[in-house]
Amino acid sequence: MFYQLTVPGPMEDVEETRVLEWHCQEGSVVALGELLVELETDKAVVEIRSRQAGVLRRIVCQVGKWAKIGEPIAMISDAAEEPVPEEASKLPYWPFDTWVN
Amino acid sequence: MVATKMYLGVDPGGRYRVVAESLIVRSLMRGFWLDELLAGAEDWVRQQAQQTLERWVKAGLPYQFEGGQRVFDPTEVGNFGLWADIQGIDNLFRTQAMVKFRRMVDRSVRPAFWTEEPSAQDTVRFEVCIKREFDLADRPGAARLRLPCPYADETQGDISVEVLEPDPARVRLVQEPGRLEVHSLPGPERIQAVEVRIGFTSRCRRVKVDPAGLEPWDRTSAEYQLYTRPSDGWFRATEPVCRLARSLAAGARNAWEVIRAFWGHFFDKMMLLMVHHDELDHADILGSLIRRGWADCYLASALLVAMCRAEGIPARLIGGYFLYDTLVDEHYWVEVLLPPFGWLPLDLTSWLLTRGEREPVLWSERYLGQIDHRMKVQCFPRTVIGPLGGRSSTAWVRTAVLDGTWTELVYTDLSGRLLYRDRLLVRRTSA
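Chains as they are written, first to last, in the working numbering: chain A, 1 to 101; chain B, 1001 to 1431.
Derived from the structure by calculation, the hints contain no laboratory data. Positions of the beta carbon are idealized from the N, C-alpha and C atoms, including for glycine.
In silico contact screen, one side only, chain B against chain A (beta carbon under 8 Å); selected entries:
| # | residue |
| --- | --- |
| 1 | Arg1144 |
| 2 | Ser1231 |
| 3 | Gly1233 |
| 4 | Trp1234 |
| 5 | Arg1382 |
| 6 | Val1384 |
| 7 | Gly1386 |
| 8 | Pro1387 |
Under the rule of at most 20 Å between Cα atoms (straight-line distance), these lysine to aspartate or glutamate pairs were calculated in the EDC-like manner:
| # | chain 1 | residue 1 | chain 2 | residue 2 |
| --- | --- | --- | --- | --- |
| 9 | A | Lys43 | B | Glu1330 |
| 10 | A | Lys43 | B | Glu1133 |
| 11 | A | Lys43 | B | Asp1278 |
| 12 | A | Lys43 | B | Asp1422 |
| 13 | A | Lys65 | A | Glu16 |
| 14 | A | Lys43 | B | Asp1413 |
| 15 | A | Lys68 | B | Glu1223 |
| 16 | B | Lys1208 | B | Glu1154 |
| 17 | A | Lys43 | B | Asp1138 |
| 18 | A | Lys43 | B | Asp1284 |
| 19 | A | Lys43 | B | Asp1281 |
| 20 | A | Lys65 | B | Glu1176 |
| 21 | A | Lys43 | B | Asp1135 |
| 22 | B | Lys1131 | B | Asp1329 |
| 23 | A | Lys43 | B | Glu1279 |
| 24 | B | Lys1131 | B | Glu1195 |
| 25 | A | Lys43 | B | Glu1176 |
| 26 | A | Lys65 | B | Glu1223 |
| 27 | B | Lys1208 | B | Glu1365 |
| 28 | B | Lys1131 | B | Asp1325 |
| 29 | B | Lys1131 | B | Glu1176 |
Just chain B, with the same shape it has in the complex (with noise of 0.2 Å):
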């Protein structure tokens, strides 16, 4: 992909410009020098961060100036990094965050695990702390308070779930695959917590889909039929989606080449990073994605599962977390029924690893229907975590720091106010 002049995916007008200057570096901090944070190098990593926004200021990234205060857009800031490195002018994104995140992930997983075949396996147990503060000021009464929690299946199971916080003594508990559910009291705090300790073994594996042995779907079975129905909520493969699935899929001889030439789409076409979901037209939420050309994993795995499913392929949108050594953040990505093979992941993550490049293939591949380990949480449209219980905003911004060995990630609304808070700890408890 190869963007000429500057747009970055949002709309004029600059109303996402809120954050201050101050959480705008944290927040580089962690994208950037993630590893030399963790090595207890802040200061430094403060300074190259400070630099990097100034440097990025005096090549055009927007910002306003509210009460003498430079605030920020986080997904312009993200967005100028990215499309600034695609350009030539600036090329910390490759040099930083691409080459870092390589090495993440071959450090994922045992070292032959990417190069043995086929079906290659790698099991490991994690220890994953959250903490989730809600801000029930608007909510005087009991609430439903909603964490992520892995559900099992063949990729992951062993969960355990231990309340940490409140005591769970006094609350109402309901665990439920993906999710847990503390149903709080009545009282008069305005931030409510609640810390979990998940405990669950993630068995990942690698498939070498041979086009020739792919098998038929059962068309008549319940599962075909959900994973290939047109709408789902909020996306539907409407027309431009299923004219575009259609257009890409001429000419491929089978689904494993149909799900090839939709993968090449979002590296030919699309920029992925972030983006404002409320600016998207609502009406066609996918069709608006591929005329912007912007999209955020959730989106993108989303118009991924509907062009799947416009051409008959079963696919489900995934959600859960990256369990990388040093970052840990929420993401979506895509399974695909291809039997016998099962179902498989596809994980746009790729287009990050080579800045939307296809070359080289090892990167730009490297999740077409394998992954390392994950938690997954959430397999749309079944298994949901649904309303979190807290204030929600169609309208938000979302910061992520690292606050010690802890993950913050903090999404307000546009006034600055707690939508919710989260803090992420994972550990390894078994290789």
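Isolated chain A (complex conformation) (with noise of 0.2 Å):
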């Protein structure tokens, strides 16, 4: 099954995110409480880590862009094999825990 990375939300003053660094690339595999990407906003640096484990199959938003909340940055599967929809942001969302630095 494919799910969607998304940008959290709501933030206080914050309409939308940056991606500071992924620290998975596509094709690897995540476990637990893995460190997926770090994002900002002007004041924090926020990390997101993955509240099970998958497969990172596809970064939609890459290093540097912006994002707003609730908008898709990455495609998860279950398992690697399968094929990689073309949509993000109709898939079920994949549960994640956030950090603010």
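Put the two chains together into one complex; each comes in its own frame, and the hints tell you how they fit.
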């Protein structure tokens, strides 16, 4: 099954975030609790950690690009073999935890 | 702007009165006798600053005692100097700060720049040294430590950045438009320093805006959409902001007249120097600025941006540094897009050049559509430094002093703990 990884929200006074660094590559296995990506606002860096295991299949929002709250930034699947869908925004949400630095 | 009773733009209670008298005196020395200080007359300048502080205390400048010593709020001190001058109580602001500021502005570009028209240009190469110290006591792991760097645009380019500290071979560096990020190594040091030497070429130009020559914006462009959006993080064109913008713009025949009406509002109704950011109404920061009547360059510029956007004029907040021959400091101003003239600067520093008076126009409109050399490092909302990497606090005090030829800007929380310290040195490497 495929999922979309989205920009978390709501965050106070934040409408969009910038992808600061991806810590996983496309095709890599994601472990429970693993740091997937760091997003930044003008006041904080937000860590996104996976709440379950899967495979990062496609990065939709590259480093340096901006995405609004709730917009997809990546597609993750349970298994590596499933074909990647065209669009991320209609997929169910990938569970994650956030940590604000 | 004429104030009647003493209101210094801060809340009662005095919780910001935490800075020792000796440091306040050093701040006054830099603020009012910078030329004399650089000329080596330190003892005389210290005497002048101390006498000034005593005079202001007698005239009502608030302070408190802590451990038997007087402590002050730097914002109250600075705003008191301005307020007392406008009230006719003490003319030091006008006779020292304002006059010297004007001289610096005159010296900052070649002599004919401000009188030539149209389209005068001035190009200078600068070397800027920045040493920033971070307090990492609360961050035992690795941290992203950030310093400002210029970004390239039509006003600045040929940028070089040399990392002097730490050893660049030992750390990961990420240089992006507007910032350098150093990934610090985890370690026991509470204070970590990053020092860079930046080279860049500044090109400033004068533009004579002919309202008859204004062209319409492409309202479908991504640029127009981005820089007219009514909400940009914490600053929003709320109902009070839109109402004010609408009332000021009524009767204006074009965007330039709208901008001039907004510009005049700051002179007629606002006091511009310093404020405590955490005392503003967080639900409507800009609305509370309008009510309170005091702002600093950051907030006043944000208000001007929001007012422009409320009237459909693309505007953006710019963060950077003054690069005058004696004064180096952080600063914020505005750019507005007026085709075919392009992005034009609006810098409310003009307010300080006349203490908020509209006359003489030569000074009150000095930075209306044109500025001198600056180092631009932030262009909100997309080119930003973001979190600096060390400690942060919603309540902070800033002191600015001169240490030799270096400018030292120190930010602490209200307990006196360091947030970060910047040391700045600027020189022109070509005229």
